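Using the sequences and the hints, build the whole thing.
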Amino acid sequence: MKMKNKIKVYRAIHNLTQDALAKELGVTRQTILAIEKGKYDPSLDLAFKISRYFHTTVEDLFSYD
Amino acid sequence: MKKNTFYIISGLFAISLLFLFWLSILLSNPVIIAVSFLIEAVLLFVLKRHITDIVQDERSILIEMKTASATIKTAAVLFVTVNLAMIVYVFSDSLGFHTLTYNRSLNPMLFPSGFESVPYFPVPPEMIPISVLGLFAVMQIVLLVVVLFIYIGFQFYYAHKFGEWDEDEE
Numbered sequence: 060m061k062m063k064n065k066i067k068v069y070r071a072i073h074n075l076t077q078d079a080l081a082k083e084l085g086v087t088r089q090t091i092l093a094i095e096k097g098k099y100d101p102s103l104d105l106a107f108k109i110s111r112y113f114h115t116t117v118e119d120l121f122s123y124d
Numbered sequence: 002m003k004k005n006t007f008y009i010i011s012g013l014f015a016i017s018l019l020f021l022f023w024l025s026i027l028l029s030n031p032v033i034i035a036v037s038f039l040i041e042a043v044l045l046f047v048l049k050r051h052i053t054d055i056v057q058d059e060r061s062i063l064i065e066m067k068t069a070s071a072t073i074k075t076a077a078v079l080f081v082t083v084n085l086a087m088i089v090y091v092f093s094d095s096l097g098f099h100t101l102t103y104n105r106s107l108n109p110m111l112f113p114s115g116f117e118s119v120p121y122f123p124v125p126p127e128m129i130p131i132s133v134l135g136l137f138a139v140m141q142i143v144l145l146v147v148v149l150f151i152y153i154g155f156q157f158y159y160a161h162k163f164g165e166w167d168e169d170e171e
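First to last, the protein sequences are chains A and B. For the record, in the first sequence the residue sitting at position 54 is 113 according to our numbering, with numbers rising by one throughout. For the record, in the second sequence the residue sitting at position 67 is 68 according to our numbering, with numbers rising by one throughout.
Among the hints, erroneous ones may be present.
Sample of chain B residues lacking proximity to chain A, with all beta carbon distances greater than 12 Å (derived) [said to hold, decoys possible]: (1) Phe7; (2) Ser11; (3) Leu13; (4) Leu27; (5) Ser61; (6) Val81; (7) Ile142; (8) Val146; (9) Phe157.
EDC-like cross-link-like pairs, simulated, lysine to aspartate or glutamate; straight-line CA separation at most 20 Å [as the list claims (entries may be wrong)]: (10) A/Lys82 to B/Glu41; (11) B/Lys49 to B/Glu65; (12) A/Lys82 to A/Asp124; (13) A/Lys98 to B/Asp54; (14) A/Lys63 to B/Glu59; (15) B/Lys162 to A/Asp119; (16) A/Lys108 to B/Glu59; (17) A/Lys67 to B/Glu65; (18) A/Lys96 to B/Asp58; (19) A/Lys82 to A/Glu118; (20) A/Lys82 to B/Asp167; (21) A/Lys98 to B/Glu41; (22) A/Lys108 to B/Asp58; (23) A/Lys67 to B/Glu41; (24) A/Lys108 to B/Asp167; (25) B/Lys4 to B/Glu41.
Some but not every residue of chain A turned toward chain B, in silico, with C-beta under 10 Å [stated by the list, open to error]: (26) Ala81; (27) Ile91; (28) Ile94; (29) Glu95; (30) Pro101; (31) Asp104.
If you are wondering where the hints come from, they were derived from the structure by calculation, not from laboratory data. Just so we're clear, the structure is a prediction, and the values are computed from it rather than from any experiment. Built from N, CA and C at the ideal position, the CB exists for glycine as well.
Quick look at the structure:
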């Protein structure tokens, strides 16, 4: 089962680049890119950090395909 | 410390290790390479922790962990396989395979005054020839090089799997 996410959508809403989001979260741009493309599933800690940054919930941001 | 400085130091360490390896062989002193390798490994570990311009996050740590795990598993199987085969080859005389081992009466002596003249390793006659024991060293070098390539291969595989070189359309 593959996990999908709405990070790209939320980035667009907040007018953020991958690089800017990565710097805010203390990760690399490649990590944000890999998560968006579904190549890497973030840890629970990072998933919460991302959802808190966008003022949303983990369930809203991440879901199973 | 910048990461490029670290890479230059690593390169210098590698060159110095080659020199020390050669010196060890010339002087027949294994302590030189063993101690210097340990010291350089510790120094590299300490220096790596002082790199300031490298971002290491959970994905890059995962790539490192998976690479290390896969390399260890593969290397263990490879080492056991090759070493078992080498041990059987060397000790085949005791197992009954006489044709593979040294025979004092059929083969010329490796040393002019016989094996008994070797002061550091008293080899019983007609048992284990030193030429065969030398195969161990060659095989160990081959294995170390193979393991290095396996590590690089897995590093590329997992980096690709977790999107290290992906480009975004944005």
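These are the hints, each one checked on the structure:
no. : hint                 : in the structure
1   : Phe7                 : 18 Å, holds
2   : Ser11                : 21 Å, holds
3   : Leu13                : 28 Å, holds
4   : Leu27                : 46 Å, holds
5   : Ser61                : 7 Å, violated
6   : Val81                : 33 Å, holds
7   : Ile142               : 36 Å, holds
8   : Val146               : 30 Å, holds
9   : Phe157               : 15 Å, holds
10  : A/Lys82 to B/Glu41   : 34 Å, violated
11  : B/Lys49 to B/Glu65   : 14 Å, holds
12  : A/Lys82 to A/Asp124  : 28 Å, violated
13  : A/Lys98 to B/Asp54   : 25 Å, violated
14  : A/Lys63 to B/Glu59   : 19 Å, holds
15  : B/Lys162 to A/Asp119 : 26 Å, violated
16  : A/Lys108 to B/Glu59  : 13 Å, holds
17  : A/Lys67 to B/Glu65   : 27 Å, violated
18  : A/Lys96 to B/Asp58   : 17 Å, holds
19  : A/Lys82 to A/Glu118  : 23 Å, violated
20  : A/Lys82 to B/Asp167  : 18 Å, holds
21  : A/Lys98 to B/Glu41   : 36 Å, violated
22  : A/Lys108 to B/Asp58  : 13 Å, holds
23  : A/Lys67 to B/Glu41   : 45 Å, violated
24  : A/Lys108 to B/Asp167 : 23 Å, violated
25  : B/Lys4 to B/Glu41    : 17 Å, holds
26  : Ala81                : 8 Å, holds
27  : Ile91                : 9 Å, holds
28  : Ile94                : 8 Å, holds
29  : Glu95                : 8 Å, holds
30  : Pro101               : 7 Å, holds
31  : Asp104               : 8 Å, holds
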